[in-house]
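S.K.: Here's the letter readout for the chains.
2 protein chains.
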Amino acid sequence: MTANPRIAIDAMGGDDGPAIKIAGAAIARAKDPSLHFDFYGDEAEIAPEITRHPALKGASIFHTADAIEASEKPSQAIRRAKATSMGMAINAVKDGRAHAALSGGNTGALMAISKLALRTMPGIDRPALAALLPTLGETDLVMLDLGANTECDAQNLVQFAVMGSAYARTVLEIERPRVKLLNIGTEELKGTGELKEAASLLREADYLPMRFDGFTEGDKLSRGDVDVVVTDGFSGNIALKTAEGTARFVTDLLRRAFTSSIRSKAGFALSKPALHLLKVHLDPNNHNGAVFLGLNGLVVKSHGGANAKGVANAIGVAASMVRNDITRKISEDLDNFRAHTFPGDER
Amino acid sequence: MTANPRIAIDAMGGDDGPAIKIAGAAIARAKDPSLHFDFYGDEAEIAPEITRHPALKGASIFHTADAIEASEKPSQAIRRAKATSMGMAINAVKDGRAHAALSGGNTGALMAISKLALRTMPGIDRPALAALLPTLGETDLVMLDLGANTECDAQNLVQFAVMGSAYARTVLEIERPRVKLLNIGTEELKGTGELKEAASLLREADYLPMRFDGFTEGDKLSRGDVDVVVTDGFSGNIALKTAEGTARFVTDLLRRAFTSSIRSKAGFALSKPALHLLKVHLDPNNHNGAVFLGLNGLVVKSHGGANAKGVANAIGVAASMVRNDITRKISEDLDNFRAHTFPGDER
Numbered sequence: 001m002t003a004n005p006r007i008a009i010d011a012m013g014g015d016d017g018p019a020i021k022i023a024g025a026a027i028a029r030a031k032d033p034s035l036h037f038d039f040y041g042d043e044a045e046i047a048p049e050i051t052r053h054p055a056l057k058g059a060s061i062f063h064t065a066d067a068i069e070a071s072e073k074p075s076q077a078i079r080r081a082k083a084t085s086m087g088m089a090i091n092a093v094k095d096g097r098a099h100a101a102l103s104g105g106n107t108g109a110l111m112a113i114s115k116l117a118l119r120t121m122p123g124i125d126r127p128a129l130a131a132l133l134p135t136l137g138e139t140d141l142v143m144l145d146l147g148a149n150t151e152c153d154a155q156n157l158v159q160f161a162v163m164g165s166a167y168a169r170t171v172l173e174i175e176r177p178r179v180k181l182l183n184i185g186t187e188e189l190k191g192t193g194e195l196k197e198a199a200s201l202l203r204e205a206d207y208l209p210m211r212f213d214g215f216t217e218g219d220k221l222s223r224g225d226v227d228v229v230v231t232d233g234f235s236g237n238i239a240l241k242t243a244e245g246t247a248r249f250v251t252d253l254l255r256r257a258f259t260s261s262i263r264s265k266a267g268f269a270l271s272k273p274a275l276h277l278l279k280v281h282l283d284p285n286n287h288n289g290a291v292f293l294g295l296n297g298l299v300v301k302s303h304g305g306a307n308a309k310g311v312a313n314a315i316g317v318a319a320s321m322v323r324n325d326i327t328r329k330i331s332e333d334l335d336n337f338r339a340h341t342f343p344g345d346e347r
Numbered sequence: 348m349t350a351n352p353r354i355a356i357d358a359m360g361g362d363d364g365p366a367i368k369i370a371g372a373a374i375a376r377a378k379d380p381s382l383h384f385d386f387y388g389d390e391a392e393i394a395p396e397i398t399r400h401p402a403l404k405g406a407s408i409f410h411t412a413d414a415i416e417a418s419e420k421p422s423q424a425i426r427r428a429k430a431t432s433m434g435m436a437i438n439a440v441k442d443g444r445a446h447a448a449l450s451g452g453n454t455g456a457l458m459a460i461s462k463l464a465l466r467t468m469p470g471i472d473r474p475a476l477a478a479l480l481p482t483l484g485e486t487d488l489v490m491l492d493l494g495a496n497t498e499c500d501a502q503n504l505v506q507f508a509v510m511g512s513a514y515a516r517t518v519l520e521i522e523r524p525r526v527k528l529l530n531i532g533t534e535e536l537k538g539t540g541e542l543k544e545a546a547s548l549l550r551e552a553d554y555l556p557m558r559f560d561g562f563t564e565g566d567k568l569s570r571g572d573v574d575v576v577v578t579d580g581f582s583g584n585i586a587l588k589t590a591e592g593t594a595r596f597v598t599d600l601l602r603r604a605f606t607s608s609i610r611s612k613a614g615f616a617l618s619k620p621a622l623h624l625l626k627v628h629l630d631p632n633n634h635n636g637a638v639f640l641g642l643n644g645l646v647v648k649s650h651g652g653a654n655a656k657g658v659a660n661a662i663g664v665a666a667s668m669v670r671n672d673i674t675r676k677i678s679e680d681l682d683n684f685r686a687h688t689f690p691g692d693e694r
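If you read the sequences in order, they're chains A and B.
Those letters in the first sequence? Residues 1 to 347, by the working numbering.
Those letters in the second sequence? Residues 348 to 694, by the working numbering.
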């Protein structure tokens, strides 16, 4: 239990300059004064922004003029990582100078640099990107992998289930999360060989702090009857982006409908307070903060276009994971899984 | 060009009995008296429904008491296909007694029976399931494969692109459809090896009646800047169902918002005519009719829960494909592709 999480923030990554990230940190710290921030990036840009937010008094700046570009290839980003704001923030986690790193920059580069610097946890073959998705139920759901691994085998999927459950226990505070594998049907015979094998391994792992409940499909994600949805990074990315695109599509149609006549404009004016709730529910800023799970250190990806409130939410995710020591939880669950699966195997 | 399409309808498949299918056929025939229908299923149930619709005068009934169950495994369905309403409707296409078959039954069984009875076209390794999706643009988009093939190689994807383009030229009447491959990023380096290889093959195939335009992502499907989206059946099924689920999720939230106060209820009442357009745009019945492409014969899958209007739309899709001789179009494009790719190869 870490009472005062210290978070290394890549102030340069993302669609905007440091101002949004710093404003987000100020919101987070006003809510939770025990948080500490170190900002990595251009001091000349960062310093004046920090002085605008009294809540950030005492925050440190680590200067660098170099930043990873949005379109930079991971292979290139790795080579010059050390001198960049993203690489320096991750190295702070590696060296124990921060509990978590946060960046709104290039996801591929963030993954590659994090993996190289922090290495995967013992028992994890590949880290995964996890995030919260809104549902009609009382809590959000955790979905992973969202794009870190294009192809996954059954062992990868099982490890994702263990990590996703630890994440749900930590961030959603659900004791035994309901876990399902994303598939193209719910019958046992459906899907790839990897999915069927992962399902059979998870079905037997009933000693783990999760309830494995078979397969789910893309149209059932928002129903609220599952806490953790596990999938390979290709399908997960397709599902996540299709959900985002469809939500935007429907709200665009809604906007067209409301502006199509004077009568509907009046109806919109009357309904506005109620529709505000819909907007809040769908605003990606309220679900900001994707997490790389399975590394020896915490790295949170903030959406490149997040606003200050979105950044504050991502910081909240990071702080919650630090406080709840999620890395240790994942590690214990994995040890438990291996002790049952390979009894006597001390690897 | 077939002036009078004759369509074999599996009256028993789907969530409801024959009544909906027969009512749908009546709507279709009232619009287009050149259509002819043969109904396959329980005569005792079908005959009284037909007499209720004067538009269906002269329709034939082919009696069978057997129907494929919704949960029946494809392997089992194949064995008893011949005596079932679904299998008999498909056999009518095979034997040239009908131009297309339509069923609202079990998709896996429909695919398996169709494939066995009609065989794949020369040059096609695997048939694919294609459907129209709504967009913000002027026309719908064609997406395939939506679940017929869990895993696909580059050649399969190229064949899907050829078939999807022929479908867009036929049903959407777009001379040179814009074609993209669904991926997890738009950069050339993203995605699986199969996708990269398919992209490179399609980039070179500029003599085909399509414009290949690289990769697209899940959040860009509804933008209206692409006519044909090609993907493997696993990702396609995940994307389609996630889009359906998200649209329902947002409209559920909207319903909650409108019923949350007296004020918002009044706003809803005022906006109702405008919101009706939204409902029409999102109603899956208006996009009903998925097509198995790549077989020596036309088979259309109607949604199991479609209403009469939805069935009529699916019949419209079938009729349009018959009239435009889509099988011949696909065959010509494939010959063209092979002649360029393997010059001198007469296989």
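The set of hints was computed from the structure by calculation and includes no laboratory data.
Be a bit skeptical, because a hint or two may be false.
[As the list claims (entries may be wrong)] In silico lysine-lysine, DSS-like type, Cα no more than 25 Å apart, as pairs: (1) A:190 x B:656; (2) A:309 x A:279; (3) B:567 x B:626; (4) A:279 x B:420; (5) B:619 x B:567; (6) B:462 x B:441; (7) B:420 x A:220; (8) A:272 x B:626; (9) A:57 x A:279; (10) B:626 x A:265.
S.K.: List in ascending order the numbers of the hints, as given earlier, that are violated by the structure.
M.R.: Failing hints, ascending: 1, 4, 5 and 9.
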